[in-house]
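In terms of my numbering, the sequence shown opens at residue 1232 and continues consecutively.
Hints may be right or wrong, so weigh each one.
Here are the computed lysine to any residue pairs in the SDA-like style, where the Cα-Cα straight-line distance is at most 20 Å [claimed, not checked]:
1) Lys1491 to Gln1401
2) Lys1522 to Pro1347
3) Lys1491 to Val1360
4) Lys1491 to Arg1481
Keep in mind that the hints were calculated from the coordinates and are not lab data.
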Amino acid sequence: MSELLQRYGVFLNVENPDNDPRDALRQTVRTGVEAEQMGFHDVWVAEHHYSPFAIGSALTVLLSHIAALTSTIRLGSGASLLALNDPLRVAEDIAALDLLSGGRIEFGVARGGPFPEQYRPSGIQSADVARERMHEALGLIRRLWSEPQTHFDGRFFRYEGVAVYPRPLQRPMPVWLASLGGDSLRIAAEHGYGLMATPSSDLGQIAQQVADERARRGAFPFAIARFFHCGDDSRRAIEHGVAAVRAYPRLMGVRFPPGKLPPMFSPDATEAVILANAIIGDPGQCVARAKELGERLGPHRLLLKPATHDAHEARASLARFACAAGLI
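Produce the entire structure from the sequences given, and follow the hints as far as they go.
Okay, here's the thing in structure tokens:
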């Protein structure tokens, strides 16, 4: 499968199961660096707050470390939680990262996902408000990167004659919405944004949305993250990967609204349901599954989210896939 049809990337949380944050941060950076050596095209790092398990709160700090130790791999914010952050500071940080990395940043943004504990310290009352705040902040940031001075009078943000520096190297900056709900599809189409699907999203639903959006919009950038585990022994890999997916909602503290629970996170989800929405198995099975996604989704970036908390095993799993897929 050609690179134009399917690009391979790595999607990383900073997970801290052993209560050793220093090592968790260092291991995440190392995995991002080694992803370039394995031939992956992108590495995306998630942002989470107020969790002792998911400690990737300093997104731009992490990406700057990976940027300093790499030279070609694209660096994605997966995603910057604009509803929880000062948009002026995000604009400055992402611009500086883009300059320091030689124009390798992919600016992914999100409202904050099914983690209501993240909203409370910021005084955000609901996921809908967080989504509105995200879209407004993104519109402000894009203007800050292009206008000599910005006058902005929004619902959440108001500025009179503000200018931020530096400005990004890339003109325009690639922007991705990690959201396929609410007004996100319309806003993405109006502004030419890419769309991202999360690791737990239902493939059948996503495939239909992508097909419908391409029918309306034509070609557009699309990325999908999938839980991933690749082992030498198929049965052991499947047992490990499926168990990790089942444990993920509890460890992350996810809380989906009624009727929104992804099928793979259902307490009675079968192994078949989980495997249908993930990339799990031996190297041959994983590559075959990736190719099936290419045929079903069309051009996209496939982002592999390791389904293990052992960073060494995660890198070994990625290396097995990279070898089998001909990336190395």
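Hint check results:
no. : hint               : verdict
1   : Lys1491 to Gln1401 : violated, 36 Å
2   : Lys1522 to Pro1347 : violated, 35 Å
3   : Lys1491 to Val1360 : holds, 17 Å
4   : Lys1491 to Arg1481 : holds, 16 Å
In this structure, the earlier hints numbered 1 and 2 are contradicted, and the remaining ones agree with it.
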